[in-house]
Amino acid sequence: MASLDMLADDLVREFLILLTPDDPACLLRASHVCSRWRRILADPDFYRRHRALHGASPILGFIHVVRGYLPYHSRFVPIGHAPGGPAARDLPGWLVLDCRHGRALFVTRATGPDRKVQGTLDFIVWNPLTNTHIRLPRPDMPPLHFRQNFNAAVLCAADTEGGDHLDCHRGHFHVVYVWTQPPDMSGRFLISACVYSSVTRRWGEWWRCRDSARYSYFPVDVRPCPSARVGDDLYFRGSRSHMFQYKLSTQHLSVEQPPPDMFYKSLLYMSLQDGGLGYATVQQEPNLCISLWSRETLPNGDAQWARGRAIELDMLLPNVAIEPAYNNTVVVGFAEGTDVIFVAVRSHGTHDIYMVQFNSQSATKVLDNYICSVFPYKTFCIPVIAETAAGKEPGESSSARQSHQVAGN
Numbered sequence: 253m254a255s256l257d258m259l260a261d262d263l264v265r266e267f268l269i270l271l272t273p274d275d276p277a278c279l280l281r282a283s284h285v286c287s288r289w290r291r292i293l294a295d296p297d298f299y300r301r302h303r304a305l306h307g308a309s310p311i312l313g314f315i316h317v318v319r320g321y322l323p324y325h326s327r328f329v330p331i332g333h334a335p336g337g338p339a340a341r342d343l344p345g346w347l348v349l350d351c352r353h354g355r356a357l358f359v360t361r362a363t364g365p366d367r368k369v370q371g372t373l374d375f376i377v378w379n380p381l382t383n384t385h386i387r388l389p390r391p392d393m394p395p396l397h398f399r400q401n402f403n404a405a406v407l408c409a410a411d412t413e414g415g416d417h418l419d420c421h422r423g424h425f426h427v428v429y430v431w432t433q434p435p436d437m438s439g440r441f442l443i444s445a446c447v448y449s450s451v452t453r454r455w456g457e458w459w460r461c462r463d464s465a466r467y468s469y470f471p472v473d474v475r476p477c478p479s480a481r482v483g484d485d486l487y488f489r490g491s492r493s494h495m496f497q498y499k500l501s502t503q504h505l506s507v508e509q510p511p512p513d514m515f516y517k518s519l520l521y522m523s524l525q526d527g528g529l530g531y532a533t534v535q536q537e538p539n540l541c542i543s544l545w546s547r548e549t550l551p552n553g554d555a556q557w558a559r560g561r562a563i564e565l566d567m568l569l570p571n572v573a574i575e576p577a578y579n580n581t582v583v584v585g586f587a588e589g590t591d592v593i594f595v596a597v598r599s600h601g602t603h604d605i606y607m608v609q610f611n612s613q614s615a616t617k618v619l620d621n622y623i624c625s626v627f628p629y630k631t632f633c634i635p636v637i638a639e640t641a642a643g644k645e646p647g648e649s650s651s652a653r654q655s656h657q658v659a660g661n
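Heads up, this note's numbering is the position in the sequence shown plus 252, with the first residue counted as 1.
Worth flagging that the hints you see were computed from the coordinates, not collected in a lab.
No experiment lies behind these values; they were computed from the predicted model shown.
For glycine and all other residues, C-beta sits at the position ideal for the given N, C-alpha and C.
Each hint should be verified, as a subset may be incorrect.
Stated by the list, open to error - Beta-carbon label-pair distances, calculated as ranges:
| id | residue 1 | residue 2 | range |
| --- | --- | --- | --- |
| 1 | THR549 | SER449 | 26 to 36 Å |
| 2 | SER614 | ALA260 | 31 to 41 Å |
| 3 | ASN539 | GLN509 | 25 to 35 Å |
| 4 | SER501 | THR549 | 43 to 53 Å |
| 5 | THR502 | ALA555 | 45 to 55 Å |
Kindly produce the complete structure, drawing on both the sequences and the hints.
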């Protein structure tokens, strides 16, 4: 029997390409077999073929807010255990807002002269693999403040420049910041958006929502809540379950009504596996279930919501004594481009968070005694030989780096 180092590269490549991303540590373990396998896995052509075959990068962990800390405290929790993967890490003073394309976005207390103004915040972009972060310059106006209703998203610049996400963690990025001005004497809100570019290291112009007058009582949801990216659009949830839609190519901000009968109800807007917009919610009909809904466009151009797949919780978690009321179970996160959602389930007086895979109808507990939004960290990560060591983040403020070939998704 031929030894591993005698196998032809093409044969090894065809074997490795079949390794699925379902096990977050699978490709990492394969990279430690030998230098030949590591070289093949680090080849950009291998990533392109692997992504074309399997369609998504593995989920290596998630970030959540830790209770009981003031003002903020977040934590990264790895899924799976493999050499070279991102390690568990506490992030004191940081409040997570988003995680996409190999980076995570936070707010934290301001530094410099503004640190004396109580409640003033800065944005921070963090790379979990290299543990490097960038503190962004503060938007010109309005100052970011913890009392405001705001949300933000981080995404690879390839999203607006037609790239392929093969080197997200080393490439440039954008941050989209959506903000609701505090209400005036009439109780009306003013909704605006602004974009930061790591290319210019500056914030762009403010864009006011054209629907501000029509939806003047609909603020941005003040709770940390994942945004959804669907094609050219970013969707942020509002406090009354409506949507703020930001179009990346035209920098156009608008407001959309929530699905019928969903005002003030618990739902999470998400990007579906087929690339469309959907939402996940928990319903009781008559058994407690998680259901997925998708938005469809009618021949006349109007949009409607259609119910898709559903999983009964009793079948998904047969050994868990789930408290029956529908509001005791909440969808708290999703992984873009996959069938994975995260659900907080109440049992015996406490909530536990499960990672649910719709295709296989399986669930894994990932967090005990917690209910909070979950921001999955999903990336294609292969440790590589020293000759292809990773480069520095644009604007990186820390020198701590590891040798990785990383492409976010």
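Enumerated hints in conflict with the structure, sorted upward: Result: hints 4 and 5 break, sorted rising.
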